[in-house]
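Undergrad: One letter stands for each residue in the lines below.
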Amino acid sequence: MATNLTLAPLLAAWAGSARCQAAARPVPYRDSIPPTLVTFEMVPVPGGTVTLDSPAGPRVVAVGPFWIGKTEVTWDEYDVWVYRLDVAAGAPGGPDSADATARPSRPYGAPDRGFGHQGYPALAMTYPAARAYCAWLSARTGRHYGLPTDAQWTRALELGLGTDTTLSAERRDALAWHAGNAAHKAHAVASKRADALGVYDLLGNVAEWVTVPDGPPVVRGGSWADPAARVGPRARAAQTSAWNETDPQFPKSRWWLADAPFVGFRIVLLTP
Amino acid sequence: MTPKHPRDVTRREFVETTAAATTAIALPHAPSIGRGAPKTIRIALIGCGGRGTGAVKDCLTSSENIELVALGDLFPDHLAKCRESLATMATEDPTLKPKIKVKDSQCFVGFDAYRKVLEGNTDLVLLATPPAFRARHLAAAIDAGKHVFMEKPVAVDPQGVHAVMGCAELAAQKGLAIVAGTQRRHDAGYRAAMERIHDGAIGDLVAAEVYWNQGGLWMKPREPSWSDAEWQIRNWLYFTWLSGDHIVEQHIHNIDVANWAFGAHPVKAIAVGGRQRRTDPAYGHIFDHFAVEFEYPNGARLRSMCRQQDGTASRVGERFVGTRGTSDGHAVIEGAAPWSWDPQAPKVNPYVQEHADLIASIRAGRPLNEGRQVAESTLTAIMGREAAYTGQEVAWDELLNCQQDLVPTEVQFGPMPVPPVAMPGQTILARSWRSA
Chain A
1 MATNLTLAPL LAAWAGSARC QAAARPVPYR DSIPPTLVTF EMVPVPGGTV TLDSPAGPRV
61 VAVGPFWIGK TEVTWDEYDV WVYRLDVAAG APGGPDSADA TARPSRPYGA PDRGFGHQGY
121 PALAMTYPAA RAYCAWLSAR TGRHYGLPTD AQWTRALELG LGTDTTLSAE RRDALAWHAG
181 NAAHKAHAVA SKRADALGVY DLLGNVAEWV TVPDGPPVVR GGSWADPAAR VGPRARAAQT
241 SAWNETDPQF PKSRWWLADA PFVGFRIVLL TP
Chain B
273 MTPKHPRDVT RREFVETTAA ATTAIALPHA PSIGRGAPKT IRIALIGCGG RGTGAVKDCL
333 TSSENIELVA LGDLFPDHLA KCRESLATMA TEDPTLKPKI KVKDSQCFVG FDAYRKVLEG
393 NTDLVLLATP PAFRARHLAA AIDAGKHVFM EKPVAVDPQG VHAVMGCAEL AAQKGLAIVA
453 GTQRRHDAGY RAAMERIHDG AIGDLVAAEV YWNQGGLWMK PREPSWSDAE WQIRNWLYFT
513 WLSGDHIVEQ HIHNIDVANW AFGAHPVKAI AVGGRQRRTD PAYGHIFDHF AVEFEYPNGA
573 RLRSMCRQQD GTASRVGERF VGTRGTSDGH AVIEGAAPWS WDPQAPKVNP YVQEHADLIA
633 SIRAGRPLNE GRQVAESTLT AIMGREAAYT GQEVAWDELL NCQQDLVPTE VQFGPMPVPP
693 VAMPGQTILA RSWRSA
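From first to last, the protein sequence lines stand for chains A and B.
The first sequence begins at 1 in my numbering and counts up one residue at a time.
The second sequence begins at 273 in my numbering and counts up one residue at a time.
Here chain B stands alone, though its shape is the one from the complex (with noise of 0.2 Å):
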C-alpha cells in the first residue's frame, strides 16, 4: 500500500484532539473567569487505594472550590486506611483540609459501595478500583449524571471497551466530562513535542518504539480467611480479568503516547509474550513479558515491548522516527527541526494537571471528554495481549467484534479458579468468564 500522512487517514480524530488540546490549557490556581468564586464541585472516589488516594489529592491541589465528600471502596480495611491517609494529608497541606469533608456517613464499602456514593450529592466521581470494574461503574456514573475522572486502563476486554466506547458518546450528550489517567496527554513537554510532532517537525511518521520494562511489582500472600475471588482482587495485578495483564495495566501509558502520535489507532498486530521468570502461583496467571508489532493505517510499525521481571535492564519510554528526524515525543526533537524542552521551564505535576484541565473544562460549560481516545488505546493494548496469548495476528474489527467477556456479570467473594496461563497456538480470542 502507499503510505498516507498519517493526518490524512484519521483527521477527524486528530481535529478532535487538537481542539480538546487548545481547549483544556488551564492551570491550578488560575483565577476563574466571570464575577465571584465559581460553584464549588463536589466529588468522590471510588476504589480507595494508594492511587486513588492520591488522584484525590491531585484534584484537590488542582483547582479552588473543591471538595471530597465520600468515599467507596470494596475492603473495609481500603477505606479505614484512605481515611488515615486523608487525614496525614490534611495535616502535610493546611490549604487541602478545608477540602476534606468526608463524613461517616458517606463512606460505603462492599461490590456496591459504588452505587450508594453514586447517590449522593456529588458532581464529579474519581474511578480509581482495579480495571475489571471500570466500565460498569463509568456506566453508573454518567447514567447518574456525574462527570468522570477515571484511572487506566478502562477495561480488559473488548465487552469492556464497547461499554466506555457507548459512555464516552452518552457523556457528550449529556454534557459530562470524562478525563482518563493518561497523564502524559497533560504533561506539558509531552504536549510541547507533540505539537511540533503534528505539525511536521519529523516528516512523516514512519515507525515508534515504545517500551516499559521494569522489574516486578508487589504482590500481597493469601491469607488464610480470603476466599479465591478475595485473594484475587487483592492481588489484581496478577489476573486478567482484573487488570488486563501487565501490557494492559502498565505498559497503556506508551501504547497511548503512539496513538496519540499517529492520530490514530493500529489496525493489527503480532506478538510474542510468555511466563518465564514469575512463575509462582501467588503471581496468577498472567505473562512477565510481550514483544508486539503493531501496523497503523498508514503502515507504519510501532515496536512495542513490556516487561516485569527483576534483575532485568529497565525501559520506560517513547521513541518516533519520522522522514525527517526522530523525537522521544516529550523532551527532544533530532533532526531537520531540531527541538529540546527547557528542563528549567515551570511544568505542572501531570498528574495535578490532568485534573486542572478537568475541572477548567467543567467550569467553562466545555467538558473534555477522553473516553473514546482511552478506550481506543486500552483496546490497542488488548489487541498486543491477545495477540501474544492466542500466537495469532489479531485486526483490530476481530477483535472489536470477537466474543470475549472476561468479567463476571456479578463479581461475589467465593470460590474463583484461577484461568490457566494462556498458550500461543492454543488460546483462542473468544473467551468468557463462564467457561473458566
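Isolated chain A, as found in the complex (with noise of 0.2 Å):
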C-alpha cells in the first residue's frame, strides 16, 4: 500500500477559499478513525457519465467527482464500530456499555467465518449496516462518507479497467478472487493487482453494496464464490432470501447475513 500520504493536501484544499478549492487537483489521501490508529485510503474518481443497465434498458447517468475506498472495508475498521473501539471503556458508550445507537448486534460465531481478519474485507453484513457505518464513520472523521451509487461504483470500474474493458481469464486473474482462483474463501484485500485507478478488488473478493437511487440496493462486480463468468462490470445482485436463510432467530438479525460472507462493501466521500 501507499506510503507517505496524508490528508494535509486535502485539508488545504478544503481550507481554501472556493477558487483555491477549485483549482486543487484532488489527491489520494488516507485518513483514520480518531481516537484508534486504524486508517484507510481514498483515491479521487473524477466525474463523467456511465452508462447503466436498467429494466426499462440502458440509461445514461452522470456522476460528478468523488472519492472512492482504495480497498474493501476490513474487518481493522468495521471492527472499531461494531464493538465501540472507538469509546473508552468504561465511558457511556463504551465497550462494556449496552447503548445500541446505531450498532450493529453482536456477531453470533465467527463474523469473518475463518477466512481470516486482520486486512481482510469485513463480510455478511446487511446493507442498513454498511449504510449505518457509513453515517457512523462520516460523524467520527467530521467528513461525508456513503455507500458508492450504483453510477459512482460504475464510474471507478470503468476507469479502473481503461479504455479496454474486455476481460481476458488472465485479466481476471490478476484482478479478481473468484471461485475458480479464491479456495472458497475471501482474500486479504489488495492483495490482487491495482487497477489503473489504483483501486484494489472492485471485481471479486466480496461483492460490494451500492445504492440504487430508483430500486432496491444490489451488490456489484460478484465475489469470490461467483464462477469466474459472473465476475465482471455486469455483475449485480439483489438479496434473496437465501442470503439469511440459516439465522435461526425471529425476527432475524438487523445486522448480519447468515449466509452470504460472499458480501461487504467500500465506502465513498461525497463533496467535502
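Read the hints as simulated data drawn from the structure, not as lab findings.
Note that CB positions come from ideal geometry on N, CA and C, so glycine has one too.
Where hints are given, some of them may not hold.
For each label pair, taking beta carbons as the anchor points, the in silico distance ranges come out as [said to hold, decoys possible]: (1) B:Ala411 <-> A:Gly119: 43 to 53 Å; (2) B:Ser497 <-> A:Pro35: 35 to 45 Å; (3) A:Ser32 <-> B:Lys375: 55 to 65 Å; (4) B:Phe383 <-> A:Pro128: 31 to 41 Å; (5) B:Glu356 <-> A:Ser191: 38 to 48 Å; (6) A:Pro35 <-> B:Ala554: 19 to 29 Å; (7) B:Ser612 <-> A:Gly119: 19 to 29 Å; (8) A:Ala238 <-> B:Asn393: 37 to 47 Å; (9) B:Thr584 <-> A:Pro128: 20 to 30 Å; (10) B:Pro615 <-> A:Arg171: 19 to 29 Å.
Combine the two chains into a complex, taking the hints into account.
TA: Laid out in C-alpha cells, this is it:
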C-alpha cells in the first residue's frame, strides 16, 4: 500500500477559498478513525458519465467527482464500530456499554468465517448495517462518507479497467478473486493487482453494496463465491432470502447475513 | 491401554445413531405416504424469545398440516413481542399465515405458564427457555404425553442430566419423540461427512479438535424494577445455574459433533479457564474462556477451546484426525479417501431439517429420540466446565454421581445472590443452590 499519504493536501484544499478549492487537483489521501490508529485510504475518481443497465434499458447517468475507498472496508475498520473500540472502556457507550444506538448486534459465531481477519474484508453485513457504518464514520471523521451509488461504482470500475474493458481469463485472475482461484474464501484486500485508478478488488473478493436511487440496493462486481464468468463489470445481485436463511432467530438479524459471507462494501467520499 | 476402534467401544450407541439417521431422512414438503392429508399436528411454544420464535418458524416451514396454537413465557413482554413477530412472520410468508392459530386464551405467562400450555390440546411442544428450566419442562411434557423439540443445552448440572436421561427412556416407552436443537446432526454436509468417517474414510479416529471462539454476546443492563432473580433470568447467559456457562450453552454444538464422530462420550477431562476480560458484574459470574482436554474410551484425546472475548480471533468448527486422513466433519476429508461436499448441492437449512425429521418420524410412527444423545453431550460440556472450575481431573462417572444441583427447586422473583466466580483449586464439584 502507498505510504507518505497524508490528509494535509486535502485539508489545505478544503480550508481554502472556493477559488482555491476549485483549483486544487484531487489527490489520494489517508484518513483515520479517531481515537484509534486505524486508517484507510481514498482515491479520487474524476466525474463523467456512465451507462447503467436498468429494467427499462440502458440509461446514461452523469457522475460528479468523488473519492472511493482504495480497498473494501476491512475488519480492522469495521470492528471499531461493531465493538465500540472508539469509545473508552467504562465511558457511556464504551465497549461494555449496552447503549445500542445504531451499532450492530454482537455477531454470533465467527463473523469472518475463519477466512482471515486483519486486512481482510468485513463481510456478511446487511445493507442497512453498511449504511449505518458510513453514518458513524462520517460522525467520527467529520467527513461525509457513504456507500457508492450504482453509477459511482460503475464510474470507478470503468476508469479502473481503462479503455479496454474486456476481461480475459488472465486479466480477471490478475485483478479478482473468484470461485476459480479463491479456494472457497475471501482474501486479504489488495492481494490482487490494483487497477488503473489504483483501486483494488472492485471485481471479486467480496461483492460490494451500492445504492440504487430508484430501486432496492444491489451488490456489484461478483465475489470469491461466484464462478469467473459471473465476476465482471455487469455483475449485479439483489439480496434473496437465501442470504439469511439460517439465522435461527426470529426476527432475523438486521445487521448480519448468516449465509452471505460473499457480501461486503467500500465507501465513497461525497462533497467535502 | 491399547486403543480400540472407537466403534468397538460403543457399538450400541453407534448402531442406534445410524438407525435413527437412516429412518429420519425426510425433506420438507415431501408428500406424506398414505392416503389423504396427514393428521394436523398442533404445536405449542414454551420460551418465546428470538430462538423460540425462530423455532416456530422452522417447524411450521418444515412440514404441512402443522398449526401453532399456544404460547408460554415467563415474561409478558416476551410473549407480546413474540406475538408481534408471529404477525410479521405471517405477513412475510403467506404460506405460514394459516398455520398460526394462537388465541388469546392460549397465551400464558409466569413461572407456571408451561403447565398451562401443557394442559392444552397439543401434540408437540417446543422448549426454548433458558437451559435451567429444560429438564423440568421436558419431564412435564413427557408426563403430559407430548412430543418434544428442545433447544440445547438440555441441563446445567448432573442432576438435570439425570432427569433428561430418565425422560428419554420414558419417552421411548410412551412412543414420544424428542429432537434436540443440536442441528448439525440434521445438516446434510455433516451427515455426509460423518457417514464417511464412521465408514473408516480417515481410518481410526486418534484425535480431534473443537472450537467456538468469538467475541462477547448481548447483555441487558439492569432496570431498577427488576429483582435479583428477574435480572439474572433476563441475562441468563451469564449465570451458570441458568445457562451452564458458555462452554455448555454454546460450545456444546462442537462437543456434540465430536461425540457423534467418536460414537461415544469422553470418560474424563482436564481443563483451564477463567474470567479475564468480561469481568463487569453486569456479566454475572461465568468464565469467558476454557481450554479442555477430553479423553475418549479408546484413549483418543479431544482438544476443546472456547472463548467469548471481544477483539480476539474467531474460530468455530471441528477437526478430526484419523490414522488415514483428516476431516472438518462437514465439508472436507483429506488423506487416503479424499472427499468434499459439493457447495452447489441442494441443502435444506438444518434448523428446518431437524423439524422435518421430527415431524416425519412422528407421522411414520417411529419417533426419533435424541434425548440420551443430547444429555450426554450436555454432560460432556459440563465435565469440561467442572474440570476448569475445580482445577481437578473430572471423570464421567464421578460427575454423574456427584451431588451438584444448581437450579433452585422453586424459582421465584426476589433476592438471589450471585454465586462467586469459580476458583480452580477451591471450587468443588458438590455444589448446590441451597448453599449459594
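Undergrad: Taking the hints in turn, state whether each one holds.
TA: So, going through the hints one by one against the coordinates:
At about 52 Å, the CB distance of B:Ala411 to A:Gly119 agrees with the hint of 43 to 53 Å. Restraint check, B:Ser497 to A:Pro35: a C-beta distance of roughly 36 Å satisfies the suggested window 35 to 45 Å. Checked against the given bound of 55 to 65 Å, the beta carbons of A:Ser32 and B:Lys375, roughly 58 Å apart, stay inside it. Here the CB-CB span from B:Phe383 to A:Pro128 is close to 38 Å, well matched to the stated 31 to 41 Å.
Checked against the hint of 38 to 48 Å, the C-beta distance between B:Glu356 and A:Ser191 comes to roughly 46 Å, which is consistent with it. In this structure the hint that A:Pro35 and B:Ala554 lie 19 to 29 Å apart at CB holds, the actual value being about 24 Å. Separation of B:Ser612 from A:Gly119 is about 27 Å and conforms to the stated range, judged on CB atoms against 19 to 29 Å. Checked against the given bound of 37 to 47 Å, the beta carbons of A:Ala238 and B:Asn393, roughly 44 Å apart, stay inside it.
Here the CB-CB span from B:Thr584 to A:Pro128 is close to 27 Å, well matched to the stated 20 to 30 Å. One distance hint, 19 to 29 Å for the beta-carbon pair B:Pro615 and A:Arg171, holds here, with the actual separation near 26 Å.
Checked against the numbered hints above, the structure breaks none of them.
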